[in-house]
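Residue 62 in full-length UniProt numbering sits at position 62 of the sequence shown, with consecutive numbering throughout.
No lab work stands behind these hints, which were simulated from the structure alone. There's no promise every hint is true.
Quick list of simulated restraints, FRET-style, between CB atoms [what the hints assert, rightly or not]:
| hint | residue 1 | residue 2 | range |
| --- | --- | --- | --- |
| 1 | F63 | F85 | 17 to 23 angstroms |
| 2 | L77 | G46 | 37 to 43 angstroms |
| 3 | S58 | I22 | 35 to 41 angstroms |
| 4 | A30 | N3 | 50 to 56 angstroms |
| 5 | A74 | R52 | 32 to 38 angstroms |
These numbers were taken from a predicted model, which means no experiment stands behind them. Note that CB positions come from ideal geometry on N, CA and C, so glycine has one too.
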Amino acid sequence: MDNEQPIPDFSPHPFAEWFIIIVLVVPLIALLIWMIKEPEEGYLFGKRWMFRSEPELSEDGVFFTRLSSIIALAIILLILLVFIFR
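Modelling step: build the complete structure from the supplied sequences, incorporating the hints.
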């Protein structure tokens, strides 16, 4: 019992946590907001090379892109708020 070692603390430093948030989460939030405002451009982001001519996204495609962006943004903001106020 006398030779028990304390459990090591492997948590990252606060600077590293905030750096990761700024580098990864802020651009992701900006991308999702852009996809909510411009769902057709957001859907074609990185996929435009697959089409010979300018594709037209259906109304259902626009709706699904906008809806998935709103849901992803809400989840990311919720995780961010939990991280900040933990």
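Numbered hints the structure breaks, given as an ascending list: 1 and 2
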